Every structure is written in structure tokens, then in C-alpha cells.
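Let's have the full structure, built from the sequences with the hints guiding it.
Residue numbers (our numbering), protein chains in the order written: chain U, 60 to 308; chain X, 60 to 308; chain S, 60 to 308; chain L, 60 to 308; chain E, 60 to 308; chain F, 60 to 308.
Calculated directly from the structure, the hints in this document are not laboratory data.
Among these hints, one or two may not hold up.
You can't tell identical chains apart in this list, so a pair holds if it fits in one copy or across any two.
Unchecked claim - In silico BS3-like cross-links for lysine-lysine, where the CA-CA straight-line distance does not exceed 25 Å:
1) 78 / 112
2) 243 / 112
3) 75 / 243
Predicted model, so just to flag it, every value in this text is computed and none were measured.
Number of protein chains: 6
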Amino acid sequence: MLIHLSSWPEIDARLKQTKTVIIPIGSNEQHGPTGLLGTDWMCPEIIAHAAEKADESIVVAPTFNIGMAQHHLAFPGTISLRPSTFMSAITDWVSSLSRHGFEKIYFLNGHGGNVATIEATFSEIYAEWSFVGEHPDFALKLRNWWDLPGVTSLCNRLFPTGHGSHATPSEIAVTQAAYPDRIKTADYAPKIAPNGPIRDALDYRARFPDGRIGSDPAQASPEKGQEIIDLSAAALIRDLAEFSAEVRP
Amino acid sequence: MLIHLSSWPEIDARLKQTKTVIIPIGSNEQHGPTGLLGTDWMCPEIIAHAAEKADESIVVAPTFNIGMAQHHLAFPGTISLRPSTFMSAITDWVSSLSRHGFEKIYFLNGHGGNVATIEATFSEIYAEWSFVGEHPDFALKLRNWWDLPGVTSLCNRLFPTGHGSHATPSEIAVTQAAYPDRIKTADYAPKIAPNGPIRDALDYRARFPDGRIGSDPAQASPEKGQEIIDLSAAALIRDLAEFSAEVRP
Amino acid sequence: MLIHLSSWPEIDARLKQTKTVIIPIGSNEQHGPTGLLGTDWMCPEIIAHAAEKADESIVVAPTFNIGMAQHHLAFPGTISLRPSTFMSAITDWVSSLSRHGFEKIYFLNGHGGNVATIEATFSEIYAEWSFVGEHPDFALKLRNWWDLPGVTSLCNRLFPTGHGSHATPSEIAVTQAAYPDRIKTADYAPKIAPNGPIRDALDYRARFPDGRIGSDPAQASPEKGQEIIDLSAAALIRDLAEFSAEVRP
Amino acid sequence: MLIHLSSWPEIDARLKQTKTVIIPIGSNEQHGPTGLLGTDWMCPEIIAHAAEKADESIVVAPTFNIGMAQHHLAFPGTISLRPSTFMSAITDWVSSLSRHGFEKIYFLNGHGGNVATIEATFSEIYAEWSFVGEHPDFALKLRNWWDLPGVTSLCNRLFPTGHGSHATPSEIAVTQAAYPDRIKTADYAPKIAPNGPIRDALDYRARFPDGRIGSDPAQASPEKGQEIIDLSAAALIRDLAEFSAEVRP
Amino acid sequence: MLIHLSSWPEIDARLKQTKTVIIPIGSNEQHGPTGLLGTDWMCPEIIAHAAEKADESIVVAPTFNIGMAQHHLAFPGTISLRPSTFMSAITDWVSSLSRHGFEKIYFLNGHGGNVATIEATFSEIYAEWSFVGEHPDFALKLRNWWDLPGVTSLCNRLFPTGHGSHATPSEIAVTQAAYPDRIKTADYAPKIAPNGPIRDALDYRARFPDGRIGSDPAQASPEKGQEIIDLSAAALIRDLAEFSAEVRP
Amino acid sequence: MLIHLSSWPEIDARLKQTKTVIIPIGSNEQHGPTGLLGTDWMCPEIIAHAAEKADESIVVAPTFNIGMAQHHLAFPGTISLRPSTFMSAITDWVSSLSRHGFEKIYFLNGHGGNVATIEATFSEIYAEWSFVGEHPDFALKLRNWWDLPGVTSLCNRLFPTGHGSHATPSEIAVTQAAYPDRIKTADYAPKIAPNGPIRDALDYRARFPDGRIGSDPAQASPEKGQEIIDLSAAALIRDLAEFSAEVRP
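Dropping the structure here:
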């Protein structure tokens with residue numbers, strides 16, 4: 060059940076069956092010479108929608124498509140929230156969804172650069188309850204799609220070298236499977252991009268001139284992408300079930 | 060050119076031709092017994108993408124899908140930002156896009172409840188420049204899709220009575236055209252919903268029990284929706300051209 | 060009853076009779092070559108005080124004299140709050156007055172540039188209640204003085220051409236009636252000022268070199284001003300009565 | 060020269076002669092059984108306007124009429140800003156006035172409870188420059204009207220006992236001189252109000268049941284008030300001259 | 060009982076005996092050619108720890124070591140919070156300690172420049188309760204260590220001239236007693252530093268080239284410092300007892 | 060060189076030799092039945108001071124002693140900042156230190172719960188530069204002391220089982236070495252504490268009744284602590300040297 064394609068009475072009815080909702084969350088940022096700017100929010104959206112297709116009882120919120128990408132701002136097309144803005148926005152999403160009775164709010168994340176801010180936001184939200192000694196009405200969970208059980212193993216098997224950490228063949232492959240008419244090619248030089256620390260945008264562009272970090276995205280293919288999507292969607296369904304079943308200690 | 064389906068070198072190249080970008084912006088909120096929760100962000104997305112299909116040189120940002128919908132929070136599925144959060148987020152989008160050289164930033168809006176906050180945000184952004192007496196690097200424009208030249212006339216002609224102001228047959232029709240497999244029906248009672256002031260969420264639900272304001276969405280059809288989309292997309296292309304051509308006084 | 064000229068026991072007693080309070084709200088900003096910088100906060104103050112003189116049971120708060128005027132900052136004497144500051148301040152006024160038991164808080168506004176931010180603030184305030192599903196203790200209403208029933212018709216009759224939207228002959232006339240010893244004159248060139256979009260301060264000054272928008276304030280006179288005040292005050296009394304009589308749905 | 064009763068060209072011309080502006084600042088809060096709620100903002104306004112009447116070259120901004128009065132909120136009619144809001148608003152006033160070229164911004168304060176927040180705001184404003192090692196474009200000065208040279212001595216002479224610190228006979232007298240038709244009387248019990256620490260609103264009302272602290276306002280008279288106004292206005296003119304003459308070290 | 064050297068069960072047990080906690084609070088900022096940068100946070104720490112040594116039942120929180128020192132930022136080693144940050148941090152300390160049941164929270168302050176912001180913060184904290192008409196769970200008290208009964212008299216007796224207000228011989232002496240191996244010397248020129256207003260950092264450094272204000276720290280000695288510590292610690296114990304014994308009115 | 064025990068001319072002179080500063084940062088929070096509440100800020104302080112003792116050229120800032128510990132608030136003595144406050148405070152520390160010319164700012168962290176917020180803060184700080192396309196004046200580095208090269212290996216060797224993740228024998232041992240007179244004992248039940256997710260404070264206390272996570276702190280000893288300190292301090296010196304030597308790409 061995709062919230063944005065449902066009516067409110069449908070969500071109302073569905074809330075009698077489940078208290079769990081999944082939010083695909085990512086970033087709109089450069090992904091090297093060939094990667095789509097939307098890669099990081101489209102990957103979790105693709106996987107979550109695939110899971111929902113397999114099990115229509117899963118409730119999926121609209122995709123949170125802009126995250127924390129300040130380090131990519133020297134590349135055109137990148138859109139970033141400041142962490143403080145990101146925190147306020149996540150907080151309002153949680154307030155809205157918990158207002159309706161969702162008690163398990165699951166963020167399926169597609170961008171490593173989001174992790175710190177999302178976790179800090181969870182603490183900011185919990186702190187309101189912790190300061191007054193009350194139980195929050197909900198539990199929050201963050202899961203990167205590549206950390207779903209089995210996914211990293213698959214990616215390592217598919218791409219034993221040149222996986223890297225940004226504009227990876229895994230994520231490129233996922234978007235190729237979903238948007239086959241948007242596959243782009245380039246002569247990557249070097250074949251495998253360099254590694255290094257992540258700081259501000261100019262520093263980033265100087266270290267990683269074409270945007271990639273440690274990756275060789277030429278290895279991606281739609282077939283491999285589909286394999287990743289299938290495994291991820293299945294793992295997501297199990298992960299959601301486990302989260303839904305958790306009881307407060 | 061849809062930013063999220065492009066690579067950064069493609070945007071980089073495109074910025075040599077144009078300095079204008081369009082952001083579809085809306086809200087995820089109840090739209091009566093049959094309207095899709097995503098109606099208000101999908102309508103400007105549908106229209107902007109239709110315009111881009113007709114003229115691929117138009118640059119379209121990802122859709123800003125959550126806006127100011129506090130008054131709808133008593134209906135499940137609604138997600139709202141507080142106005143202050145909304146302001147911060149819009150500011151960051153503008154900072155990101157102007158960072159890349161976009162000088163004309165055009166918000167195509169799908170939700171009346173967003174207007175006040177978007178305009179307040181424009182003032183907040185401009186104020187930074189006004190306080191120091193400098194020219195901003197960009198101009199901002201807000202346009203509701205139904206205010207595009209000719210669109211309201213068409214809607215009035217298609218729906219002479221029962222158009223109303225929330226869950227209108229116009230917006231329902233637009234989504235029906237784009238998502239024909241998601242058309243829903245209901246027995247509306249009353250046929251035409253009541254009118255009244257908009258305050259907080261409980262007040263809203265008490266005044267407008269099924270969520271509609273002044274509308275009879277049963278009049279919507281995919282055909283009428285397509286007619287609205289076609290006219291809106293054409294008007295949008297002209298409106299963008301005019302905005303692009305503006306020079307600083 | 061003007062709050063600032065009353066003692067707290069007087070307000071305490073009055074709260075047993077009424078739960079309604081009016082806040083004159085405006086801006087301190089340039090009003091063309093001859094208009095007073097205080098025009099936009101003095102107009103609602105003049106009208107509200109005239110209403111209170113006619114009906115002493117009306118409770119009038121001190122005047123909120125600085126609003127959102129960033130676009131006028133290129134003209135000396137203008138003082139502006141950022142929208143975000145304006146929102147915080149309005150929120151605190153509302154919290155204070157509702158704390159005392161005022162349940163109907165009516166803002167009589169004198170500045171078009173304030174409207175978006177005041178409405179966004181109302182949403183920000185209501186959102187706190189909407190997120191937790193509770194009824195606020197109060198209802199908020201915004202009314203521009205020129206939108207009081209009958210006032211715009213009168214202004215159009217008095218000034219059929221050259222009314223414009225900033226430094227209008229209507230508002231100049233109102234201040235002339237109240238401050239006859241502060242009437243100023245100038246040779247306006249052009250007679251009727253130009254129109255155009257409103258952006259940042261430098262842009263504004265380039266488009267509207269003497270500050271006026273679309274207006275010919277030479278038409279103002281104290282007599283016309285008094286006529287506007289009389290009509291507005293009477294309309295205000297009726298509007299307040301109607302607002303006071305509203306019951307929660 | 061009162062800004063709100065001037066036109067922008069008048070302020071523009073005046074800025075060629077002086078770079079100093081005075082802001083009367085106070086609070087709207089209970090002042091015991093007989094004191095006017097506006098006392099704390101009307102006193103500095105009365106004195107500043109008296110000074111301007113004596114020397115029309117003095118530039119006086121509109122009155123900042125709502126300050127930090129949280130401790131008085133248990134008494135109807137009190138309106139308070141949170142300190143954080145107060146800080147933002149003062150900052151925007153300063154940004155606006157310095158934007159026009161005012162280099163000496165003088166706050167004539169009428170409320171002891173404002174002092175800490177105004178001083179904290181000055182530090183907040185200066186900090187922006189201190190962190191980057193630049194000179195601000197302006198100097199800020201806070202002066203309570205009763206701290207103008209000679210004023211406290213006069214007040215002590217006029218009211219050797221029962222002056223107290225809130226709803227003092229001095230401030231009541233000043234408002235009596237300016238608003239003789241608003242003089243109110245009461246049987247004060249006890250004659251001289253108690254003293255004690257200031258905390259939250261309920262604590263305040265429990266300690267100071269009728270609102271006064273340490274004062275016997277029955278001693279006030281319009282004649283004494285006029286004497287205070289005359290001395291204060293003359294001292295203010297000298298104090299402003301001294302501040303205007305200061306040069307950066 | 061020093062909180063940071065205790066375990067939580069020890070604090071838990073102690074809370075059954077007392078509801079009072081002391082927070083040493085200061086600043087890390089230049090203290091002239093010879094003063095330690097930590098002077099202003101080490102002085103209240105030294106005195107509070109001395110008091111705790113004399114009476115182990117006193118509960119002392121960790122030291123709040125960075126305060127409001129924007130005016131000292133032109134001298135290396137100074138670390139300052141903006142007042143707004145300082146307010147948020149103090150608020151969180153109070154929320155944490157009151158959460159555990161501390162009802163009397165006593166700030167022993169070592170920096171004059173902190174006073175305005177700490178007092179503004181108290182008002183910010185109380186305001187939350189005042190706006191809703193509830194009693195806070197705690198009372199807050201600010202005491203500068205030199206304002207403890209008898210301390211200023213002693214300092215005046217020890218240093219009849221050249222005490223000044225920054226880098227005073229009193230505070231230097233206190234740190235000399237506690238850190239005798241960190242005593243530094245210099246040829247002060249002039250012997251007694253000048254006085255003047257405090258504004259931004261560059262202004263400060265121009266007025267007070269070596270950092271001192273009005274002081275001759277050469278008079279300090281460890282012996283005098285010990286005398287001040289002993290008196291202050293004893294006075295602190297009595298002051299805490301008095302604060303602990305206060306009951307809500 | 061400890062900043063707080065130095066004078067500003069000493070720091071001024073030192074800045075001619077180095078541009079690197081280290082900030083010990085941690086948290087004040089419960090550490091099980093026997094751990095000191097200050098453990099997490101004392102450990103990095105102990106290690107940084109040990110490194111400075113070995114190499115006096117290292118510049119160490121005062122200890123940032125309160126961090127993000129909302130989940131521990133159900134245990135008395137814990138003091139936590141909200142993440143948003145923590146971010147503002149870190150930002151001000153960085154602004155202060157970079158103002159003096161420090162170009163490499165190294166946070167030696169002692170609390171796992173701080174990591175997300177510190178990293179989010181780095182992004183918030185960098186974002187200011189990234190949005191305008193400028194190079195920041197500094198580089199920031201976060202290092203948990205247990206992640207210094209070799210330290211985790213040592214801890215695993217010393218405590219092959221029951222190391223856990225909160226109130227670990229490693230950190231307890233470090234504080235035992237530094238504060239041998241504050242060693243506390245208890246009968247731990249169970250010997251090794253349970254594991255689980257971290258959410259709000261009540262949830263935490265229900266899952267981890269005595270505060271420990273996965274650890275058996277009874278294994279700690281001052282000797283083992285000293286061994287950890289020695290290795291950590293040596294590793295820190297090398298890590299700092301490497302960071303200092305980094306050049307902008």
C-alpha cells in the first residue's frame with residue numbers, strides 16, 4: 060500500500076491491521092559521470108515498492124528524496140539540506156505518522172551520508188521523552204538497504220573489486236534495472252576511483268574529480284541490479300516483520 | 060531534462076544553455092473519500108513532466124512532496140511540515156540550486172495551503188540580501204498550477220458547479236489521467252461538500268467530516284484530467300519562457 | 060478598553076464579559092515621498108482606537124508596529140523583522156493573551172506584506188495542536204482593514220484611478236485625518252507610480268524609485284481619510300461581534 | 060524627528076547630519092492595582108518624545124513595546140516575549156537601522172526585566188563580528204531611563220520611602236503626567252509592597268499578590284511625574300550627545 | 060559529592076537526602092599577560108570543590124567551562140559560546156538535573172560576562188511554565204563567587220587599589236593557590252590597566268591591549284588566594300543551606 | 060600545552076609552531092553500578108593529558124564534558140545535551156579556535172553516543188562553505204580513543220570476553236588508573252550485561268537495568284588501565300602528527 064496512491068479511508072482501514080510504516084529516504088546528488096542524480100533516493104524507493112508489490116499489506120510513505128549531501132555540492136544537480144534542516148523535517152514526518160497511530164517507523168536509507176544525521180535526529184526526538192521520563196508512542200529504525208541481511212554479500216560476490224563507496228556498481232545497477240532507458244556510459248579514468256576522507260564540497264571535488272569514490276561503475280548491469288532488488292525486497296519484508304513484532308521491554 | 064534521471068555532467072552542460080529550473084512542490088494530504096493522498100504533489104509533477112516531455116530543454120528538479128498540511132492531520136496518511144521546517148527546507152533547495160548557477164527558480168505549486176509559507180520563505184531568503192544591500196544571485200517565482208494562464212477558465216468550464224477548494228474535481232481528474240488504475244469511487248454525502256474557515260486539525264475534521272471543501276469530485280474523469288494537463292503544460296512552457304527572459308531592473 | 064492604558068484588575072474584570080481581543084498590526088516602512096513611515100501600523104491603530112471609542116467594551120492590545128518589510132529596506136527609516144522572527148513574536152503575543160483567557164484573537168492588519176507571514180504563523184501555532192490531536196484554546200483571525208466589509212468599495216469610489224497597492228491614497232488619507240499636522244506634499248513623477256513584482260530591497264528600489272507602487276497619493280485628504288476611518292471602525296465592530304459569536308464546530 | 064511621523068526622504072536627509080538613533084524600549088505588563096499596563100514602554104517613549112520636542116534633531120524610532128515579562132504573566136493584560144524571541148527581534152531592529160547608516164543605536168529602556176536579555180542580545184550581535192575579526196558598523200548602548208544622570212537622585216528625593224522596584228511611584232508619576240485622564244486609585248494593602256526574588260509567574264503572584272514589589276505608588280502625582288520627565292529628557296539629550304561623539308578606539 | 064567521580068547509585072541514594080545541586084560555571088578566556096585562560100571556570104570549581112571537601116554532602120556537578128566570552132576572541136585561547144547557544148546548553152543541564160529530582164539548582168559563576176545570558180536563560184526556562192500557568196519543578200539561583208557574603212570585602216581589603224574588573228588580583232590569586240606551579244609573571248605596562256566599555260572583540264583589544272581591565276594582577280599571591288578560597292567556600296556552604304531551605308511561597 | 064593552564068601570550072607564541080589543537084570530548088552519564096559518571100569525558104582527557112605530558116608541544120583545549128546522553132537520563136547524575144544544542148556548541152568551539160588560527164581541529168571522543176551528532180555537526184559546519192563554494196579555514200577530525208591504532212586490539216587481549224559496549228572494563232580501567240581512590244565495587248548480576256537496541260531513556264532502563272551493555276567491568280584494574288593509557292597516548296601523538304601533516308588536496 061503506497062500512501063500517496065491511497066485515499067485516507069484506505070489508510071484508516073489499514074491502520075487496524077498494522078502499525079508499521081516504511082519511509083524510503085535518500086539524497087539527490089551526483090553519482091559520477093554516469094550515475095543518476097536521483098540514485099540514492101530511487102534505490103530505496105525501488106526496493107520498498109518491490110517489497111510492497113510482493114506483499115501489498117506493507118505501508119510505504121512517499122519518498123524522502125533530499126538528504127544530507129553538502130559534500131557533493133560542487134557537482135551540478137546536487138540538492139542538500141543542512142543537517143539541522145534535515146533533522147526538523149524528519150521530526151515532522153515522524154510526528155505526522157505517529158499522529159495517525161503508526162508505532163513502528165522504519166527508514167530505508169539509500170545514502171551513507173544521511174546516517175549520522177538520521178541517528179542524531181532519532182536522539183533529538185527521543186530526548187523529548189527522555190527528559191520528561193515518558194515512553195514515546197513509537198519506535199524508530201534506520202536500515203541502509205545494503206545492510207539488509209544478505210545484500211552486502213551479494214554485492215561483494217557480483218563486484219569483488221571496484222565496489223567502492225560512492226557511485227558503486229551496486230546502486231548504479233539497481234537504477235539500471237528500474238530505469239533501463241536511462242543507462243549512461245563513460246570512459247572512466249581511472250577505472251577505479253580513489254579513496255579518501257570526506258569534508259567540504261571543494262575538498263571533495265579536488266580529491267574525487269569525477270565524483271566517484273573507490274568504485275568502478277562500469278561493472279553495473281540491469282540484470283545484476285534486478286538480482287539485488289529481488290534479494291533486498293525479500294530481506295526487507297522479513298526485516299519489517301521482525302521490527303513489527305518487537306514489543307516494548 | 061529531469062534532474063534525478065540525469066548525470067551531473069548532463070546538468071553541467073545544460074547550465075550553459077539555461078539558468079532556469081522548475082521545482083514541482085505540493086503536499087501529501089487527505090483528498091476526501093476518493094482522492095489520492097499524493098494529489099497535491101503529483102499534480103505539479105505530472106504537469107511539469109508533461110511540459111518537459113514536450114520541451115526536453117526544461118530542467119525539472121525532483122518533486123518537493125511534503126508541505127504545509129497541519130489542518131489535514133486528523134486524516135490518516137497526511138504528512139505535514141511545520142511552516143518553520145518548510146521554510147528551512149525550501150531555503151536549502153534554493154541555496155543548492157543557485158549554487159550551481161540557476162538564476163531563475165520557479166516553484167510550480169499544487170497546494171493552496173503552501174502559498175503563505177512559500178511566500179514567507181521567499182521574503183526570509185531575500186531579507187538576507189536586503190539587510191546588507193546586495194543583489195541576490197537569483198529570482199524566485201511561485202505559481203500555482205491552476206493559476207497558469209487559462210487553466211482556471213478551463214476548470215470552471217469543465218466543472219461549473221461543485222469545484223470547491225479542496226479535493227476539487229480538477230485535481231482529482233489530473234491524477235485520474237496519470238494513474239488510471241488508482242481511480243476510486245464513493246457515495247459522497249453531501250454531493251457538494253460544505254465551506255468554512257481553516258484552522259487546526261480537529262476543527263477541520265469537525266467542519267469537513269470527509270475531508271472535502273466545497274467540492275463534488277464525482278465529476279472528475281481521466282479525459283477531463285488530460286485536457287487540464289495538456290493546457291497546463293503548454294501554459295507552463297510559456298510562463299517559464301517569460302520568467303527566463305526577465306532581466307533585473 | 061485599551062490594554063496599555065488599563066490596569067490589570069480592569070482587564071481581569073473585563074475578561075468576565077468578553078473573550079475577544081484585537082491586535083492592531085502593521086509595519087514601519089517607507090510610504091513614498093510623502094507618506095509617513097508609520098502608516099501601516101498607525102492605520103489599524105487609528106481604526107481600532109476609533110472603534111474602541113465608539114464601543115468601549117472592545118479590548119485593544121498595544122500595536123504590533125514592526126512587521127515584514129524586507130523589500131523596503133533600501134529606503135531609510137524602514138524597520139523589518141525577518142519572517143522567522145515575526146513568527147516567533149506573534150506566537151508569543153498569542154501565548155500571552157490566550158494565557159489570560161482570550162479565546163478569540165483578532166489581528167487587524169495594515170500591511171499587505173505581512174499577510175503571508177501572519178498566515179504561516181497561524182499554521183505554525185495550530186500545528187502544535189494538530190500534531191497531538193487537541194483543540195487549541197483559541198481561534199485566530201486575520202483581517203486587513205481594507206478588507207473590512209464596504210471599505211474597498213469606498214476606497215474605489217473615492218480614488219477610482221491611481222489607488223495602487225503601496226502608498227495608496229486611502230492609507231495616506233487615514234493618517235492625514237489622524238495626524239493633520241504631519242501632512243506632506245511632493246511633486247510626484249510620474250503622477251501614478253509603476254507596478255511590478257516584489258522581490259528584494261535593491262530590486263524594489265530599482266523598480267519603484269520613490270517607493271510608491273501604482274498609486275497617486277496626491278488624491279488623499281484628511282476628509283476622505285475620516286470617511287474611511289468612520290466606515291472601517293463601524294465595520295470592525297460588526298466583524299468583531301461576528302467573530303466573538305462563533306462557536307467551535 | 061520621530062521616524063514614524065516622517066517620510067523616508069526626511070530620514071534620508073537627516074542621516075547626513077547624524078548617525079544616532081534612539082529606540083524607546085519597554086514592556087507591557089501589570090503595574091499593580093493602579094499602574095497602567097503600558098507603563099514600562101510609555102515611560103521611555105514619553106521621555107524620548109519630550110527630548111525630541113526640545114531638540115528636533117534627535118531621531119527617535121518607533122517604540123519597542125513588548126519585552127521580557129514572563130514573571131508577570133499571571134496578571135491579565137501582560138504580554139511577554141520569550142528571551143529568545145526578544146533577542147531575534149532586537150537583532151532585526153539593529154540590522155534595519157544600521158542598514159540605513161545609523162552607527163550609534165541607543166536603547167532607552169523602561170523595564171528592569173529587559174536588561175539581561177538586551178545585554179545578551181548585544182553580545183549575540185557583536186559575536187558575529189568577533190568570530191570573524193571584523194569591526195561592526197555600529198555601537199550599541201543600553202540606558203535605563205532611571206539611570207540617566209540625576210534621575211535616581213531626584214526619585215529618591217521625591218519618594219524617600221516606598222519607592223520599591225516594580226510599580227514604583229516614579230514610573231506611575233511619569234504616566235500620570237502624560238495621561239492625566241487615566242489616573243487610577245486603590246486602597247493599597249499593605250501600603251508598601253513586599254520584596255523577594257523573581258522567578259516564574261505563579262511564584263511571582265504568590266509573593267506579590269497585587270503585583271507591586273516594594274513600592275507605594277500612592278505617592279505618585281502628575282506634578283512629580285513632570286519633574287522627572289523634564290530632568291530625564293534633559294539628561295537624555297546630553298547622554299545622546301556624548302554617545303554620538305564617541306569614536307572607535 | 061562530585062557527580063563525575065560518583066556512580067549513579069551513589070547519586071540515587073544521595074537524592075534521598077538533598078534536592079540541591081551546584082554547578083560551577085565560567086568561561087575559558089584570556090586573563091591578561093599572566094592569568095590562566097581557564098581562570099573563570101577554575102575559580103568556581105576550586106571554591107565548590109573546597110566546599111565539598113569541607114562538607115561531603117554537597118552535590119557538585121561537572122564544571123560548565125565555556126561561557127559567553129565574545130569580547131575576548133581577539134586573544135588566542137579564548138573559546139566562546141554565542142549567547143543563544145549558551146542558553147540552550149544551560150537549559151539542557153537544568154532539564155537533565157531536574158529530571159533526576161534536583162529541585163534547587165545553584166549556579167556558582169566565575170565570569171561577569173556570563174551574568175546577562177544566564178539570567179536571560181532563567182527567564183527563558185521559567186517562561187515555559189509561566190505561559191501555561193504551572194509551577195516549575197525547580198528553583199534556579201545564580202551567584203557570582205565574589206558576591207558570596209564577605210568575599211568582596213575581603214578582596215577590597217587585600218587589594219585596595221588596582222582590583223579592576225578583568226584579570227583581577229583576586230581571581231589570579233585563587234588560581235595561584237590551586238595551581239602554584241602555573242604562576243606566571245610579566246612586566247605590566249601600565250601597572251594598572253585602563254577601564255572602558257565592552258563591545259566586540261576588536262574594540263576590546265584596541266581599548267585593553269594586554270587584556271586586563273582596571274587591574275594590577277601583580278598583587279596576587281597564593282596565600283591571598285587561599286584566604287579567598289577559604290572564605291568563599293565557607294560562605295558558599297551557608298548560601299547553599301539557605302537556598303535549600305527555601306520553600307515555595 | 061593545556062590551554063586552560065596557559066596565558067594568551069603563550070598560546071599566541073605556540074600558534075607560530077603549530078596549527079593543531081585537540082579537544083577531549085565526552086559525556087557525563089551513568090556507567091553501571093561502579094563506573095564513574097564522568098568516565099566518558101575523563102577518559103579522553105586522561106589520554107590527551109598523558110600525550111601532552113609526553114610531548115608538551117601538543118595543544119589541548121579544555122574538555123568538552125557534556126555530550127549526547129539522552130538514553131541514560133533514567134539514571135541519576137546523567138547530564139545530556141539535545142543533539143541540536145550539542146551541534147551549536149561544537150560549532151562555537153570550532154569558530155573560536157579557528158578564529159585564532161588553528162587549522163586542524165581534532166576531537167578525541169570518549170562516548171559512542173556522541174559520534175552521530177559530532178559527524179552531523181561537521182557536515183553542518185562544512186555546509187556553510189559548500190553552499191558558497193569556498194574553502195573552510197580548517198579541517199575537522201573525529202577520533203574515538205578506542206579507535207586509535209592498536210587500542211582495540213589491546214582491549215580485546217586484556218578482556219577477551221565481557222568487554223561489551225557500555226561501562227566496558229577498558230574505560231573503567233582507564234579511570235581506575237587515573238582516580239585510584241575512586242574505585243568502586245559491586246556484585247554484578249548478571250556477570251555480563253545484556254545487549255540490545257538503544258532508544259529512549261525508559262526503554263534503555265528497562266533493557267539494561269543496572270546501566271551496563273554487554274560488559275563485565277569487574278575485570279578492570281588500574282594496571283590494565285595504565286597500559287591502555289600508555290598505548291593510547293602514544294598512538295594519539297602519532298595520529299595528531301599525521302593529521303597535522305595533511306595538506307589540502
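Verification of the hints:
1. In this assembly of identical chains, residue 78 and residue 112 lie within 25 Å of each other by CA distance solely inside one copy; the values are 19 Å within and 39 Å between copies.
2. Within a single copy, residue 243 and residue 112 get their C-alpha atoms only as close as 27 Å, which misses the 25 Å cut-off; across copies the closest is 19 Å, which meets it.
3. Taking the shortest Cα distances, residue 75 and residue 243 sit within 25 Å of each other only across copies (20 Å), while inside one copy they are farther apart (45 Å).
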